[in-house]
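Peer 1: Protein sequences, first through last, are from chains X and B. Note that the first sequence ends on residue 252 in this note's numbering; no numbers are left out. Note that the second sequence ends on residue 246 in this note's numbering; no numbers are left out.
Take these hints with a grain of salt, some might be off.
[Unchecked claim] A short list of chain B residues far from chain X (calculated; beta carbon distances all over 10 Å): (1) 46; (2) 135; (3) 213.
[As the list claims (entries may be wrong)] Calculated pairs, SDA-like style, for lysine to any residue (alpha carbon to alpha carbon, straight line, at most 25 Å): (4) B:74 with X:66; (5) B:109 with B:18; (6) B:74 with X:131.
[As the list claims (entries may be wrong)] Part of the chain B face toward chain X, derived, beta carbon under 7 Å: (7) 64; (8) 65; (9) 68; (10) 72; (11) 75; (12) 77; (13) 138.
In case anyone wonders, no lab produced these hints; they're calculated from the structure. For each residue, glycine too, the CB sits at the ideal point set by N, CA and C.
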Amino acid sequence: MADSAVAPGLVDASRSEAPPRHSVLVRVTHWISTLCFFALLLSGVEVLISHPRFYWGEDGNALSPPLFIIPIPASRATVPTGYKYVLPDQNGWSRSLHFQSAWLVVFTGLLYGVSGLISRHFRNDLLPQREGLQGAALSKAIGDHLRFRKPPASEERSYNTLQRIAYSSVVFLLFPLMVWTGLAMSPAIASVFPIAVTALGGQQSARTIHFFDTILLVLFVLVHIAMVLRAGFKSRMRAMIAGRPTAAKEQV
Amino acid sequence: MSDVSRRKWLRAGLASAAGVTGVAAAATLADRYGLITPGHAGIYGVGDSLTYAAQRLLTEHSMAREFSRDQISKNPFPNCKAPKLKEYESQQAAGFDDWKINIGGLVAKPGSLSLRELKQYPAASQITHLACEEGWSFIAEWTGATLSHVLHEFGIRPEARFVVYHSLEKDWWDSIDMADALHPQTQLTYAMNGAPLPPGHGGPIRMRVPRQLGYKSIKFVTRITVTDNLKQQFSPEGSYSWYAGI
């Protein structure tokens, strides 16, 4: 019982030796983003089913040729779906939940982004390192992943190249693109920054890109969960909740 | 209690006091500059308040995007049918010439305005997007009289803060703030793509609020009330956000 030997109020030397795997800020922002992700996904799907058709360009409606259709029933009778029934419309609360979660995740993302820059978390831990991106190292990392090899103990403390590529893509590409395409669908925002819409190819293109970005984020989350399970659910969850992969007692 | 933890508590206390004062000061300022949405209450009030305040600050002088004539949608989707009401049918048979809008509330000269009189006002045209909250949209040329011109004709009283507008269809109305009511693109539309506004698009008269989603563009408008207070009656579609600039 190493813990009880330490006087209260003093710093436990055995715990301060190694920094936590995840800082408090990373852990808190991770779980707020998780909550927002599922709220946005659920409400987004709910809004999507009122018009499960997608278009490219500025405009598109039930009378214009779609880019593609999702073959599901809709929550509005005015959409031709081929189904003889209409799902209940839940857009009221869904839209409100969507925008409220969007605000929360944007503030969380800003906090995470600013602190990641200041603390050099991005440069040190998140961006892929040059040596990891070289052919041999990269193909070995991909091979290890494809063979579902358990990660070496060294990865308790840092991210491997594929993790870095995946996390960086989410943080620096998919998340900002989601915010951008979301804002580009707003008539009020478009009135202030028209180029935010035209640069994407139009308002309906923004909606279509928003949808594909969702698909990519859902794939990321599925792979992320699978990898956490493979690497050790207990230790990885404990690291993201308490900061360290193993309880303090076991560490001594 | 040790010194360290006392200091910690003190700091936390000061921080929360500063936080509460900050929020209170922000609320006072927001109220003074008209940045508080009537939809600020309820569990989604935070999101609605942030969106409204942010967009009111950003859109003070903004104009909805206008398009070129060749961008007009070939098939504008009419998501509605003509009202099945005797009153509507007899008006339609008479060519809607005597369609009337009653204008009241906080105006100097309450009264009514017929479609024929509305067409005497300077006509404004715009090629803008109509984006429905469901996700679809179309672009059309809309022609009508600006709401701002109509309201000035009837004399807006200084206490005016919102404009409520009703459809001929029962339980269908909505409201906007003065920023949108006096905006040069907010209009009482009577023509679309050079022809009288069809019933499926809200003819004979539809309110067009192009900087907000389609559900604020109420069809078959028969009544306009200027008010200083919405008394929580801002829209019958209670669960939809009052402000729809998204």
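Peer 1: Report holds or violated for the interface hint on residue 64 (chain B), using the least CB-CB distance to chain X and a cut-off of 7 Å.
Peer 2: 5 Å, holds
Peer 1: Given the hint that residue 74 (chain B) pairs with residue 131 (chain X), test it: the Cα-Cα distance must not exceed 25 Å.
Peer 2: Outside the cut-off at roughly 55 Å; violated.
Peer 1: Tell me if residue 68 (chain B) is really an interface residue toward chain X, meaning its C-beta lies closer than 7 Å to one of theirs.
Peer 2: 11 Å, violated
Peer 1: For the restraint on residue 77 (chain B), tell me whether the closest CB of chain X is nearer than 7 Å.
Peer 2: 4 Å, holds
Peer 1: Are the Cα atoms of residue 109 (chain B) and residue 18 (chain B) separated by 25 Å or less?
Peer 2: 49 Å, violated
Peer 1: Measure nothing beyond the straight line between the CA atoms of residue 74 (chain B) and residue 66 (chain X); if it is 25 Å or shorter, mark the hint as holding.
Peer 2: Cα-Cα ~14 Å, so holds.
Peer 1: Hey, does the residue 75 (chain B) contact hint survive, CB to chain X under 7 Å?
Peer 2: The hint holds - residue 75 (chain B) has a Cβ within 7 Å of chain X, the shortest such distance being about 4 Å.
Peer 1: Since residue 135 (chain B) was said not to touch the interface, does its Cβ keep a gap of more than 10 Å from each Cβ of chain X?
Peer 2: The claim breaks: residue 135 (chain B) does not keep its Cβ more than 10 Å from every Cβ of chain X (closest is about 4 Å).
Peer 1: Quick one, is the residue 138 (chain B) hint okay against chain X at 7 Å, beta carbons?
Peer 2: At about 5 Å, which falls below the 7 Å cut-off, the nearest Cβ of chain X leaves the hint on residue 138 (chain B) intact, so it holds.
Peer 1: Over 10 Å to the closest beta carbon of chain X is the bar; see if residue 213 (chain B) clears it.
Peer 2: With a cut-off of 10 Å, residue 213 (chain B) comes too close to chain X, as the shortest Cβ separation is near 7 Å.
Peer 1: Using 7 Å as the Cβ threshold, decide whether residue 65 (chain B) counts as touching chain X.
Peer 2: Result: holds, 5 Å to nearest chain X Cβ.
Peer 1: Any Cβ of chain X at or closer than 10 Å to residue 46 (chain B), or is the non-interface label fine?
Peer 2: 6 Å, violated
Checked against the numbered hints listed earlier, the structure breaks hints 1, 2, 3, 5, 6, 9 and 10; every other hint is satisfied.
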